[in-house]
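Place chain B on chain A using the hints.
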Amino acid sequence: MSRSSIMPGFRPTIGFTLIYLSLIVLIPLSTLVFQSFQLNWDDYVHIITNKRVLSSFRVSFSTALVAALIAGFFGFIVAWVLVRYSFFGKQFFHALIDFPFALPTAVAGIVLATIFQPSGFLGKLLIDTFGVQVAFKPLGIVMALIFISIPFVVRTVEPVLLEFETSMEEAASSLGATRWQVFSKVIFPNVLPALLTGFALAFARGVGEYGSVIFIAGNIPYVSEIVPLLIVTKLEQFDIEGATAIALTMLVISFVLLLLINLLQFWVRKRSGQL
Amino acid sequence: MSILLSNISKNFGTFAALDHINLEIPEGELVALLGPSGCGKTTLLRIIAGLESADQGRVLISGQDRTDHDVSQRGIGFVFQHYALFRHMTVFENVAFGLRVKPRRDRPSNDVITKKVHALLELVQLDWLHDRYPDQLSGGQRQRIALARALAVEPAVLLLDEPFGALDASVRKDLRQWLRNLHHDLNVTSIFVTHDQEEAMEVASQVVVLNHGRIEQQGSPSDIYDHPANAFVSRFIGQTNIFDMEDQDTDWLQTAGLSTAHQKGKIVHVRPHDIVIEKSSANSDAFVTLKDWQHLGALIRIELVKTGANGPAASVYAEMPNDQFKRLHLNKGDKVDLRIRHAHWFH
Chain A
1 MSRSSIMPGF
11 RPTIGFTLIY
21 LSLIVLIPLS
31 TLVFQSFQLN
41 WDDYVHIITN
51 KRVLSSFRVS
61 FSTALVAALI
71 AGFFGFIVAW
81 VLVRYSFFGK
91 QFFHALIDFP
101 FALPTAVAGI
111 VLATIFQPSG
121 FLGKLLIDTF
131 GVQVAFKPLG
141 IVMALIFISI
151 PFVVRTVEPV
161 LLEFETSMEE
171 AASSLGATRW
181 QVFSKVIFPN
191 VLPALLTGFA
201 LAFARGVGEY
211 GSVIFIAGNI
221 PYVSEIVPLL
231 IVTKLEQFDI
241 EGATAIALTM
251 LVISFVLLLL
261 INLLQFWVRK
271 RSGQL
Chain B
1 MSILLSNISK
11 NFGTFAALDH
21 INLEIPEGEL
31 VALLGPSGCG
41 KTTLLRIIAG
51 LESADQGRVL
61 ISGQDRTDHD
71 VSQRGIGFVF
81 QHYALFRHMT
91 VFENVAFGLR
101 VKPRRDRPSN
111 DVITKKVHAL
121 LELVQLDWLH
131 DRYPDQLSGG
141 QRQRIALARA
151 LAVEPAVLLL
161 DEPFGALDAS
171 VRKDLRQWLR
181 NLHHDLNVTS
191 IFVTHDQEEA
201 MEVASQVVVL
211 NHGRIEQQGS
221 PSDIYDHPAN
231 AFVSRFIGQT
241 NIFDMEDQDT
251 DWLQTAGLST
261 AHQKGKIVHV
271 RPHDIVIEKS
281 SANSDAFVTL
291 KDWQHLGALI
301 RIELVKTGAN
311 GPAASVYAEM
321 PNDQFKRLHL
331 NKGDKVDLRI
341 RHAHWFH
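So the sequence lines, in the order shown, correspond to chains A and B. Each residue of the first sequence is one higher than the one before, counting from 1 in full-length UniProt numbering. Each residue of the second sequence is one higher than the one before, counting from 1 in full-length UniProt numbering.
Extracted from the complex, chain A is given alone in its bound form:
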């Protein structure tokens, strides 16, 4: 980079970025990779293909996916309501949205577990009326993950909805579009990239979530045991190699999935002329 650019401060800022990424992200994560080199390939495969490990992977990724989808749907509606309508107590709801960001996730987990356990207030109601048990099932994990990931969706979609030109909607109506057509053909395509970002954040958060899940999940092996918990369990048993192998696998899968979501986003933006 010998060429001087219009924007000053390239060197110090890129320097800072690289140092930050190295210290906070790359060095810790590479330690994980190096640590795993102590294992040979057969040991690694043996640990990973363990039935309990495989089912925990399935639980973690499927619950995170379902939770992110639901959070994406409802988060969009919440953002829509907060942007489009004015009503009494709107500021209060605004503050409420960020609550899961600030609340220690363990507290959320304990509260959710208390009300959704079979003897709890909502848990009893659900079992009695629909025969659905939430706590100690994957459904409970999904519930906890929705709780903590909704703000990610709301806060990414909201600014895009705020910025949206209402004259575009008026133009669509004046051309004869129904309300639904205005939404589906004009508003939604413009919000979709932001919604995908929110979805990706919610999913990433869901995969890595620990504190809020373990209380409501019941952590029954093969049913509701998540990967992060399995890692902690292995560490507590001083099975460092096992924990490392699982963690590394998780890291790789998460990275690939996030990359895929980013590519999808790129494709959506390109297709809609936003690049």
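Worth flagging that the hints you see were computed from the coordinates, not collected in a lab. Backbone N, C-alpha and C define an ideal beta-carbon position, used for all residues, glycine too. Warning: the hint list may mix true and false statements.
In silico SDA-like cross-links for lysine to any residue, where the CA-CA straight-line distance does not exceed 25 Å [stated by the list, open to error]: (1) K185/A <-> G75/B; (2) K185/A <-> Q73/B; (3) K266/B <-> H212/B; (4) K116/B <-> S184/A; (5) K115/B <-> Q181/A; (6) K115/B <-> Q125/B; (7) K102/B <-> S167/A; (8) K116/B <-> T178/A; (9) K115/B <-> R271/A; (10) K270/A <-> H212/B; (11) K185/A <-> S72/B; (12) K279/B <-> L328/B; (13) K185/A <-> H82/B; (14) K270/A <-> E93/B; (15) K185/A <-> R87/B; (16) K102/B <-> T166/A; (17) K90/A <-> G13/B; (18) K116/B <-> R271/A; (19) K185/A <-> Q141/B; (20) K185/A <-> D111/B; (21) K185/A <-> T114/B; (22) K51/A <-> T249/A; (23) K270/A <-> L129/B; (24) K102/B <-> F183/A; (25) K102/B <-> R271/A; (26) K185/A <-> R205/A; (27) K185/A <-> L328/B; (28) K90/A <-> F12/B; (29) K115/B <-> D185/B.
Here are some chain A residues the structure puts well away from chain B; computed CB gaps all over 10 Å [said to hold, decoys possible]: (30) S36; (31) T49; (32) T105; (33) I115; (34) V186.
Only chain B this time, still in chain A's reference frame:
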């Protein structure tokens, strides 16, 4: 299609944006709603479109009461000041939008849509841009695409909200002429909003002058220019010299040929081109001097000062063709004789 507005009123809180507007627009006209900002012209246009609802009054389009029709059912085409093109669609899809959202039984086939969109894009001379996105176009191109999009649904009435407001001067000039020609070819009843009197006079076949939510005057551009209904219209349309007969000493105006014998009001408006000047002889007792002049292309604007020998000083502007001014051989500071050929009186 003709448009009839009867008794339209609209208030924003205590502010009366429109105050009992009655307006009839015959079929095929190109009408300018002209007025200063805040006069209610855009509100009126949006009420005709159905984007805003009036507190009272009816909107009739080709004889049918459309007051309670939603904007999507009014059969209007609306062009927005900032184009409002769909950013996530190509130019082609933007223009095709109105056809694609039609209910299935009215929707043309894909072939028909393709043909029609290309025909419209050719009409606005931008078919070569059909696969671009709006962000890749210039302002003038975007506005023409917006117009093609509005025309795609074959509206009964075309409404344009400050269509040239966001464009730079030279593009604006071209587009005005172009819009006029387009209207001539299509003959669809069109209303456009503007605050630029020059634009209104140049483009429109009828001008409606609005102020404070009321119609001050409606007529052809020449009507409005030559016979302004009141002082506001006279001041708003074109340049004018204003003399208040109560604080002016009227003698010099009389000397200048303004007959006060049958005066019809307290205020006199004189257009700059209705003032003729001549160099006065050196020993004349003329009390008007030439201060400065500006070139306006074919015309020269001459700034005159009436000195305060009798009565307060006043600035007077006159306009005349370039060559005529050259023949006078005038210099700054010369005394001139001044003759008023025509004036408008207002109360």
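Index of numbered hints that the structure contradicts, given in increasing order: 10, 26, 27, 34
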